[in-house]
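Asks: So the protein sequences, as listed, match chains A, B, C, D, E, F, G and H. At position 87 of the first sequence (counting the first as 1) the number is 87 in my numbering, and the numbers step up by one without a gap. Throughout, my numbering is defined as the position within the second sequence, counted from one, plus 1000. Throughout, my numbering is defined as the position within the third sequence, counted from one, plus 2000. Throughout, my numbering is defined as the position within the fourth sequence, counted from one, plus 3000. Throughout, my numbering is defined as the position within the fifth sequence, counted from one, plus 4000. Throughout, my numbering is defined as the position within the sixth sequence, counted from one, plus 5000. Throughout, my numbering is defined as the position within the seventh sequence, counted from one, plus 6000. Throughout, my numbering is defined as the position within the eighth sequence, counted from one, plus 7000.
Among the clues, some could well be false.
As the list claims (entries may be wrong) - 20 Å max Cα-Cα, derived DMTMM-like pairs, lysine to aspartate or glutamate:
(1) K6104/G with D4191/E
(2) K4/A with E105/A
(3) K3008/D with E3210/D
(4) K217/A with D1216/B
(5) K6023/G with D1076/B
(6) K7002/H with E6123/G
(7) K4023/E with E4078/E
(8) K4122/E with D4079/E
Said to hold, decoys possible - Here are the in silico distance ranges between beta carbons for each label pair:
(9) P1024/B with D5020/F: 56 to 66 Å
(10) K2070/C with L4029/E: 48 to 58 Å
(11) L4029/E with K6023/G: 20 to 30 Å
(12) N2119/C with G4063/E: 50 to 60 Å
(13) D6020/G with P1143/B: 19 to 29 Å
(14) I6110/G with D5020/F: 32 to 42 Å
(15) P6143/G with K7070/H: 18 to 28 Å
(16) A3174/D with A2022/C: 57 to 67 Å
I should point out that these hints are in silico values taken from the structure, not numbers from a laboratory. We treat Cβ as the ideally placed atom computed from N, Cα and C, and that holds for glycine.
There are 8 protein chains.
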Amino acid sequence: MKLKQGQKLLFIGDSITDCDRAKPEGEGLFGALGNGYVSLVSAFLTSTYPELGIRVVNKGISGNTVRNLKERWQADVEDQKPDWLSIMIGINDVWRQYDTPFIKEKHVYIDEYMETLSNLVKETKPNVEGLVLMTPYYIEPNPADWMRKSMDQYGAVVRQVAEENNCYFIDTQAVFNHVLENLYPASLAWDRVHPNESGHLLLARAFLNEIGFSWDKGIGEQ
Amino acid sequence: MKLKQGQKLLFIGDSITDCDRAKPEGEGLFGALGNGYVSLVSAFLTSTYPELGIRVVNKGISGNTVRNLKERWQADVEDQKPDWLSIMIGINDVWRQYDTPFIKEKHVYIDEYMETLSNLVKETKPNVEGLVLMTPYYIEPNPADWMRKSMDQYGAVVRQVAEENNCYFIDTQAVFNHVLENLYPASLAWDRVHPNESGHLLLARAFLNEIGFSWDKGIGEQ
Amino acid sequence: MKLKQGQKLLFIGDSITDCDRAKPEGEGLFGALGNGYVSLVSAFLTSTYPELGIRVVNKGISGNTVRNLKERWQADVEDQKPDWLSIMIGINDVWRQYDTPFIKEKHVYIDEYMETLSNLVKETKPNVEGLVLMTPYYIEPNPADWMRKSMDQYGAVVRQVAEENNCYFIDTQAVFNHVLENLYPASLAWDRVHPNESGHLLLARAFLNEIGFSWDKGIGEQ
Amino acid sequence: MKLKQGQKLLFIGDSITDCDRAKPEGEGLFGALGNGYVSLVSAFLTSTYPELGIRVVNKGISGNTVRNLKERWQADVEDQKPDWLSIMIGINDVWRQYDTPFIKEKHVYIDEYMETLSNLVKETKPNVEGLVLMTPYYIEPNPADWMRKSMDQYGAVVRQVAEENNCYFIDTQAVFNHVLENLYPASLAWDRVHPNESGHLLLARAFLNEIGFSWDKGIGEQ
Amino acid sequence: MKLKQGQKLLFIGDSITDCDRAKPEGEGLFGALGNGYVSLVSAFLTSTYPELGIRVVNKGISGNTVRNLKERWQADVEDQKPDWLSIMIGINDVWRQYDTPFIKEKHVYIDEYMETLSNLVKETKPNVEGLVLMTPYYIEPNPADWMRKSMDQYGAVVRQVAEENNCYFIDTQAVFNHVLENLYPASLAWDRVHPNESGHLLLARAFLNEIGFSWDKGIGEQ
Amino acid sequence: MKLKQGQKLLFIGDSITDCDRAKPEGEGLFGALGNGYVSLVSAFLTSTYPELGIRVVNKGISGNTVRNLKERWQADVEDQKPDWLSIMIGINDVWRQYDTPFIKEKHVYIDEYMETLSNLVKETKPNVEGLVLMTPYYIEPNPADWMRKSMDQYGAVVRQVAEENNCYFIDTQAVFNHVLENLYPASLAWDRVHPNESGHLLLARAFLNEIGFSWDKGIGEQ
Amino acid sequence: MKLKQGQKLLFIGDSITDCDRAKPEGEGLFGALGNGYVSLVSAFLTSTYPELGIRVVNKGISGNTVRNLKERWQADVEDQKPDWLSIMIGINDVWRQYDTPFIKEKHVYIDEYMETLSNLVKETKPNVEGLVLMTPYYIEPNPADWMRKSMDQYGAVVRQVAEENNCYFIDTQAVFNHVLENLYPASLAWDRVHPNESGHLLLARAFLNEIGFSWDKGIGEQ
Amino acid sequence: MKLKQGQKLLFIGDSITDCDRAKPEGEGLFGALGNGYVSLVSAFLTSTYPELGIRVVNKGISGNTVRNLKERWQADVEDQKPDWLSIMIGINDVWRQYDTPFIKEKHVYIDEYMETLSNLVKETKPNVEGLVLMTPYYIEPNPADWMRKSMDQYGAVVRQVAEENNCYFIDTQAVFNHVLENLYPASLAWDRVHPNESGHLLLARAFLNEIGFSWDKGIGEQ
């Protein structure tokens, strides 16, 4: 387990991260962490490693692109002084190119995406103990699909930024692809983007694996 | 993994099971399984064993005692023809004795509890492939607390019924006790009964362990 | 124009037809026809052929399969004594197989679909002056997609039933395929099923073309 | 077809244009264009000329007179830099004279109307490729009706401004008059001003005819 | 003043009478008489003739035609045993012919109207001390307007029934015509049918005049 | 009739005047004048003297005392430039002394009341053609009742201010006293302050009598 | 203290008793006893005599007269088998005679009141250990007030029935009269009927005094 | 009775004090004092000592710690110029340490608690005639419970501050302990913090005893 006693773990991202979290704080009781993978990660940590007292904060905002993250980076990341930071961004950067193709100023193309994400990571990496980069994804099994193909390219950018900056890296597309061999997208997400609980659990498990969560801990002791 | 391809797993119980599930069906998309341990169990099964196609049905109803289960047993259990059945009942049987002590006809005392639960189990055991009995619990660390003490006695009844009928058995009180060594009840449940997501995850993990869920399955393959 | 003065045109189907129509009547002022292709067809007929006084009735119900149509056929079709009847059914028959694959009793497989649709058409054809069969569709450009492939098979059934019974026939999948050469599905329907106004207009135009609507009528006269 | 690839078409006006559009943007998915003629025009353009990628923006605001348009012209027209602009204004300028005759400062009399509209058109005409002027209308067949008579005078002003500035011109009153030969006003608009879908379709068709929309395009190709 | 101490005055009719009255009773405090002419009549009687104790009951139902009155005549008129009865019906009988011209089974044509009204009056006249017939009306000044012309014909039927049965008679159309010489319909009723408070006051005054209400009573005494 | 063609009549006061009027304007269609005596006065004027075009404005605000009127006098009276002004204030000045007797800073005692009212009247009288002063009232028949006795004293102040400034004067308490000889207060106002429609009609009639309204006008002409 | 360990105390009455209690049960947690004197009595008993375990049930229904009590006596009193019964009824029996004086069938005059109340008491007295009769009241200090005078007469009936049947008796009017020497009715009840918390506390104290509640019990022990 | 004629008594605290009071004032009719012990104290004073005219003000705010009181002390205490002041604070200071143990900046530890409370008391004591300090409490009978143990320590601080500053002192924990000998916490408060009416009555009685309230006053006089 890579997180240490009393550390603060902050998640930033779009609606997949947000999931109706409490605003502005993004932490506390009564569903303040939303009802997605962030809340599941926190529940796993609290129930399995209660002695560590890991503090989880959710700063996702629905509809955000990397351009929005840049605007609120100082307030929502730097000022929070997290020990660990997890970023999952890019779905809306791509999606707007496909659902409202004529409103071009809302599109974040791949060059801007790469430069902005790279700058944010370089700026913050020295200040945190761990930085996790999660790729955007699209719950569509056909790699030739227009939007899936774009998403894969943005995912490759995330991988490259992670490697250049020595970050933890999670290929969320791969996580979903594995399940899509058996299940049709409609059973996981009504719009191939916003997953149901099964999909969020896949994201949470991938995150926990990356940070060294032990699935066996506590099992059998009870 | 003890469940087989295409089997139906039905949960019955009180508000811990219910968790705002869709009524009357209790299965399907869009939160139909509620937002508690049943939904988590289903999400674990779907995301980890998608090839098995396990069908999960939630028949919990808030406020129920074992007396209520008896009344709706034919419609909500027998008629559903589940392959696996999980029962968690008893919290309200005890709670009413402590929160409304003067309204005695709403109390289900331990003799009625034992006899009713035992009869239901005996009646249905031959018709299912697996039957899981989960004890009631109280998220209170003091074993001398009046209500905790009663709950432990009802839990002992469940253990006895499980043994006599050769059922799977989960001691949920033990699951919570383990965490209460490090955390105060208020961080898990506002009323020491209805847990937050951390608490439901504990229940889901205990259930999955009992049915042979493999935590390593699929990890690393992605 | 194939419809004659004072005739009643009745549409039956699922949510694509329903579109929040008034229930139970399904006709009248103030949005009683819903906000989909049925309402558009009626608006085209009223504004372009006001002298004909065509009466449009909407009997779509969300979530319906052909099995549901059969149950309400007497009340919602036969008793209404329409002069023209239009049927678009089958999307849910297929969709349930993909979004809730484990709940098999909600699936309407292709044999039941064909037999039921065929019987309904045979029963009613003699009583109406015109009967229009519209295929189900899926706003997905990849013909190898699992659900699109199934939908194409159900569409082929509709074509066969139309031919055997000498009905008017509309291949709605072809209508959408044409636009999907230029637009990604996300710009037409959030779930590839329920279209926005552009999609409903495509359905309305296809229907109007089939019944001999003249696009030039009235243009220039004003 | 007079609009070219990638152009932006902006509509400004009163409640007939507004129709519950998203504010402040007035474009995007999920009904952002409202549910009136603007949305229909957009749906026709998207479904019939998907390859052109015409971007439609709705800047109508309920209750507006030409005096209000003048106040928000810079922000809602000039700053938007549309390629094409369509203006339909004047109904409230007249209506207030008849429904609240004693509140005279809310009346916009014909001299102010002409001067304001003329100035706005002169100011913007050089900056757009096409400018369409639609007359106000009143869905009342009796030309001697007080309010209809006034509306006709305001309509004549629009015609004059269009001619002086070489704009496209649509006589919406004539469009409705044609249908009123067969239908009573109550079947088109509860207050003779706000039309139902049939009425909005008439406005949309008149607009599309004026900009060279081809009704046959795509028909038969599918 | 023709009403005597302690008498019950019952109004029946359509939405003009209903005006959101309490249902089913239609009398009592807190707006139970609705907010239209019935409530005004009651307020005039109570405030000017408090010593008479006239009891007013409102049995109007929105959307009713004379066909509906016939169906509920026993329960809502005969069983109530009023001393005085006032009937205003016919607007919807006519209106449906103009706003939904194609749905013919909802139209009540003039022969049915005359026969039904006449029978109801003949049946009840012997049982009441006073029976007031109010014509339907249309707040449209043009006598050549299609719907106004029809309404005048129905109004003539009411006059004839009143004369044949020796009833009190109120020509409500004449009441509105008088004001329409100075005011446009839009200032009295958004749809030329449902009047604002000025219009309801006109109806109340016409009714009160017919029953011998003294406008000077009590003035000067205070 | 003392009001002349095109004049503006403004009412200011407390909740009796307010009656849920539109804010901030207090005039226009759709109930903008509230549902009390102001709306009734306007309806009487519009329906009986439509040719005069009297414009009525309601500036009542619930809970106001004369202290509040002073604060908003410039904006709500002077800036509105009415031709006629009607003031009814004082009920809350007295009421707070009886319903919350211990919160003394909310009480407006009689000296402050007299001075403030007198100043407002003196300031505005020269700018209007007519100024009507209506006393506060209490719908309680017992003159020895504590609150009724106070209200009578405040009413005497209004009479004195009216006389000193040559204003029109209405003794609203006398109006109610007349009816209270026959009716118990509970049938007019649930709290002896806020009247039902009968009570508001009494106020409206007293006002209209004072300004020379002719009850016979138009009667018989129709 | 006259109540004994484990006894059930049932209150029946009108809105003063009801106070938004849970229906149909009228007992339990979370405000089930309403927010009036019944809830206060229960809170006093529970907090001061917790060892007695007195069970309080509220069967008040707003608007009830003694005529309504008779209709539901079997279900709401007899079937509940209370040990102690408290009745407070009569306010609506009187009130309807004053707030809706013309609707005479809703009035319960004093003969019917006496006979009905007397019969109910005679029927039930033998079945309970204690029966408390509380008079109706009117929070009006003037004994010559019409409605107060009637209420006093109904109160005298209650006293007589209590004496004849050897019941406990509470003169609630006297309780309020005492406070009205210092406070105006408006500070206790907006309509002189429904008291605020001060008024309900007066009723609760009077009841507790009658049943031998000891105000000193437990004070000083803590 | 220690309070004198016309004095103002102000309560400040957290949610136990707040109880949904009117904000910002915290006094007046219609539940402005909330529905907890403050409202009960006021009702006791008003109903038993109406001649004293004690004015009660509630300035509790849910969730407050002593840190919050300090921030609003000037506005909510000093500026209000109370004659008597009652403070009950500390529950949230402790609770946050147990329900959200990882969010440490929201915890108010005992040193800060003592210093802040002590300073506020010293600052205000000279300006008031009476100052009452109520301890925080926890409705948990087990003195070894983690949170109960902390609460007892904070309560001891309050006792010490009271003694050092010569304040009135109420040990609320002792009040609840007395009842917990007979009742389980669940029957008094769902979360062992927010009491039902029985619990608030206990607090009110303890307060009234401390200020010399006479339980016998007025009893017997009625």
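Asks: Against this structure, judge whether each hint is valid.
Replies: Cross-check of the supplied hints:
1. With a C-alpha separation of about 40 Å, the suggested pair K6104/G and D4191/E falls outside the 20 Å cut-off, and the hint is violated.
2. Taking the CA atoms of K4/A and E105/A, the gap is about 43 Å. The hint is violated against a cut of 20 Å.
3. Between K3008/D and E3210/D, the direct Cα distance comes to roughly 17 Å. Compliance with the 20 Å bound is thereby established for this hinted pair.
4. With a CA separation close to 13 Å, the supplied pair K217/A and D1216/B stays within the 20 Å bound.
5. Straight-line distance between C-alpha atoms of K6023/G and D1076/B comes to about 28 Å, which puts the hinted pair past the 20 Å bound.
6. Our distance criterion of 20 Å between C-alpha atoms is broken by K7002/H and E6123/G, whose separation comes to about 50 Å.
7. Simply put, K4023/E and E4078/E have alpha-carbon atoms about 17 Å apart, close enough for the 20 Å limit, and the pair holds.
8. With a C-alpha separation of about 16 Å, the suggested pair K4122/E and D4079/E falls inside the 20 Å cut-off, and the hint holds.
9. At about 43 Å, the CB distance of P1024/B to D5020/F disagrees with the hint of 56 to 66 Å.
10. One distance hint, 48 to 58 Å for the beta-carbon pair K2070/C and L4029/E, holds here, with the actual separation near 53 Å.
11. For L4029/E paired with K6023/G, a C-beta distance near 23 Å keeps the hint of 20 to 30 Å intact.
12. Range check, N2119/C to G4063/E: about 39 Å between beta-carbon atoms, so the 50 to 60 Å window is missed.
13. Hint check: D6020/G to P1143/B, Cβ distance near 40 Å, so the stated range 19 to 29 Å is violated.
14. Between I6110/G and D5020/F the beta carbons are some 40 Å apart, a value that agrees with the proposed interval 32 to 42 Å.
15. The hinted window of 18 to 28 Å between P6143/G and K7070/H is violated, with their beta carbons roughly 54 Å apart.
16. For A3174/D and A2022/C, the hinted distance range of 57 to 67 Å is not satisfied, since their beta carbons lie about 32 Å from each other.
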